[in-house]
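The hints should help you fit chain B onto chain A, whose structure is shown.
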Amino acid sequence: MESDIELMLRTKAGDDDAFSELMNRHYKGVLNYIYRFTNLKENSEDLAQEVFLRVYRSATKYRPEAKFTTWLYRIATNVSLTYVKKKNKNVSLDEMNEKTGEIEDSGVEISDDIIYRKEIKNVIFSAMESLPEREKVAIMLCKYEGLSYEETADVLECTVGAVKAYVHRGRMKLVNKLKPYLTEEGEYGV
Amino acid sequence: MECKDIKGILIQYSLGDLGQVEKVGVEKHLEECNECRLYLSQSNELWNLLDTWEEVEPDDNFISQFWDQASIDETKYKPGFLSQLRNFKLNWTLAGAMASIFLVSIITFAVFSPDTTNTLFTSADEQDELILIELDNALSRETADVLSIYGPWDNTLDVNGNGGMN
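The listed protein sequences correspond, in order, to chains A and B.
With the numbering used here applied, the first sequence corresponds to residues 1 to 190, in that order.
With the numbering used here applied, the second sequence corresponds to residues 1 to 166, in that order.
Hints are supplied without guarantee of correctness; some may be wrong.
[What the hints assert, rightly or not] Heads up, simulated DSSO-like pairs for lysine-lysine below, C-alpha to C-alpha not over 30 Å straight-line:
id	chain 1	residue 1	chain 2	residue 2
1	B	Lys28	A	Lys143
2	B	Lys7	A	Lys143
3	A	Lys179	B	Lys28
4	A	Lys173	B	Lys4
5	A	Lys87	A	Lys41
6	B	Lys7	A	Lys121
7	B	Lys28	A	Lys173
8	A	Lys173	B	Lys7
9	A	Lys177	B	Lys28
10	A	Lys41	A	Lys28
11	A	Lys177	B	Lys7
12	B	Lys4	A	Lys177
13	A	Lys164	B	Lys7
14	A	Lys121	A	Lys85
15	A	Lys164	B	Lys4
16	B	Lys23	A	Lys177
17	B	Lys28	A	Lys164
18	A	Lys86	A	Lys173
19	A	Lys173	B	Lys23
20	A	Lys67	A	Lys143
21	B	Lys4	A	Lys143
22	A	Lys179	B	Lys4
23	A	Lys143	B	Lys23
24	A	Lys179	A	Lys118
These aren't lab readings, by the way, just hints derived from the structure by calculation.
Next comes chain A alone, as it looks inside the complex (with noise of 0.2 Å):
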């Protein structure tokens, strides 16, 4: 099989077939990753393609010097970070306040598994949003993309120690924002 940066390099030279191959392969994970930055489905499908639009505007000047999963989020992270300051800057005050209520008291009865998954969904997306820039993208790449802390902080510019730092102490901050949700056992579960 052939490696994305071949892939990358065959549609630096005009190959879109290539292209549509890198898409196959990497769509689902950046629709995924900008889906849990905005919590809609639409608007992700909206930023994902704006995301390999770029990257394909960028083929031109693409050199194969870094890892392409890399580039990729780089870029995803950037569209998606630029997008939910626009839409946070278009909130309402009301709605702010609504949005950073107390997750604590949200009361949930959990009696249906479809129901809790979907109510955990939220919680779990506006504690996520809470958290600081670096720690939410550091965890959500490591947690739900499965990039290595190396490839982390290639996305970040950082290093591999700050990139342990994030998503530990942005973990930290989960435990106690979603402790409702977590049992004294340590099972949670309908």
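Chain B in isolation, oriented as in the chain A frame:
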């Protein structure tokens, strides 16, 4: 080790990133401390809880949608001459190379081009010279013929200035 220190390295412990001494220290502490044990189990539990945030599936035709968008994008953002000019960025390496080539060309031309200022006498000039000499001789002969009507020159003059030419 204190609870505060343990909590600071629990993630590394669960990732297996700790050295043997620290690892044994953490394990010993966990056996005795309920709070840290709970903290570790909740941290691991949180990591599993994050998995409940399910993935979304992309649209089936996302690739064709992409290429449609790419073709629209290409037409929309095709740069005109003015925008190309606005976006023109000087490539200093290329500019330096071009300037060097230009200078070398000028110097080469100056050194090796034929020096016309030092060519004084050509065969054409020689012919012109002969024509001029002939013309000069012809004029001299004509002048002598014209003057002969006055007869031979007489240089003898009297005291009162009379005499000379008759």
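**OP:** Please write out, lowest number first, the hints stated earlier that are contradicted by the structure.
**Re:** Structure breaks no hint.
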